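Using the hints, position chain B against chain A.
Those protein sequence lines, which keep their order, are chains A and B.
Residue numbering for the first sequence follows my numbering, beginning at 1 and increasing consecutively.
Residue numbering for the second sequence follows my numbering, beginning at 1 and increasing consecutively.
By construction, these hints were calculated from the structure, which means they are not laboratory data.
Please read these numbers as outputs of a predicted model, since none were measured by experiment.
Hints are supplied without guarantee of correctness; some may be wrong.
[Claimed, not checked] So the derived list for chain A, only partly shown, Cβ under 10 Å to chain B, looks like this: (1) 19; (2) 48; (3) 238.
Note that CB positions come from ideal geometry on N, CA and C, so glycine has one too.
Below, each chain spelled out in residue letters.
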Amino acid sequence: MLDSQAAVPTSSHEDIHSPALLHHFATEEQQRNASSFGMWIFLATEVMFFGGLFCSYLIYRLWYFGDFGAASKSIDATLGATNTAVLICSSLTVVLAIWGAQIANRKLMIGSLILTMLFGLAFLGIKGKEYKDKFEEHHVPGASFSFEKVPIPGHPDQYANPRHAQIFFALYFIMTGLHALHMVVGLGIFTWLLTMAWKGRFTPEYHTPLEVGGLYWHFVDIVWIYLFPLLYLIDRHP
Amino acid sequence: MSDHAKSPVKSYFAVWGALLLGTYLTYKAAFIELGAFNSAVALIIATTKALLVALFFMHLKGASEKLLKLVVISTIFFLFILMALSMADYATRWWS
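Same shape as in the complex, but just chain A:
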């Protein structure tokens, strides 16, 4: 890139390779593998990042078992289930976009990218509705937090400890908030991918940004797949 003026082709085969191939890679396959490998390393750090939060959830869930159940029950599980389905659909459209690039089907690629972003926005909208409910119910940790006289599931004669329930809601807002932040970053990445796709930068030979951006999107989906049962579905049974 920097020394493009200095790079004088010395043999005839050097100037017929794809313009997307950077000079420090031997082949396009090597370049593609290096790119997705970088994303996998980043995802490994993300697993440890979210892993710490999942670990603290596990510890407090074991300590304040019934209080967590009572607090979880106050969240609208149907909204959570809908959002799970929305994210799964968005993951499907991501792989369809990559497939569109692989078979040089511009309509499929761009349509799938737009659908992915619409699903992502729908997810954030539903999440916003959920947060609004929690604000109105005074379930946001802080000075105006209130969780009085809420029975513990399975023990109708016992009330949940509001201080313990507050820890559940703190974890709920941190974990879903951090996940939502990842969704916002993902939407930014996909805006860029859509622009590149629109300009015709992706070909069956070169569409690495789609694959790498897709890896990130699927990872955010996987985090949600665990968040959904842990935050929305505990102690639901009568």
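Frame of chain A, contents of chain B only:
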């Protein structure tokens, strides 16, 4: 490269269907009294769904690079270390 490859679209839609089915099952199972098994069922379904996404959508299935396998396996291993060592403390405090 994709000229010779079989169209993966069918498998993409099959995985998508399985993921939606898993979501439905985990939602329904949460409302059935299973005692301590409620959490186990939820986590087994979630892990199955996560594996489906990783293997088919993130193309881990069929990945031949050894370096990539090393990263994925060590990620799971270190997550296990984090959870196991923390629980070795917190889950055993009532023992004595």
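Do the hints match the structure? See the list:
1. 19: Where the cut-off is 10 Å and the nearest Cβ of chain B is about 18 Å from residue 19 (chain A), the hint is violated.
2. 48: Holds, about 6 Å.
3. 238: holds, 7 Å
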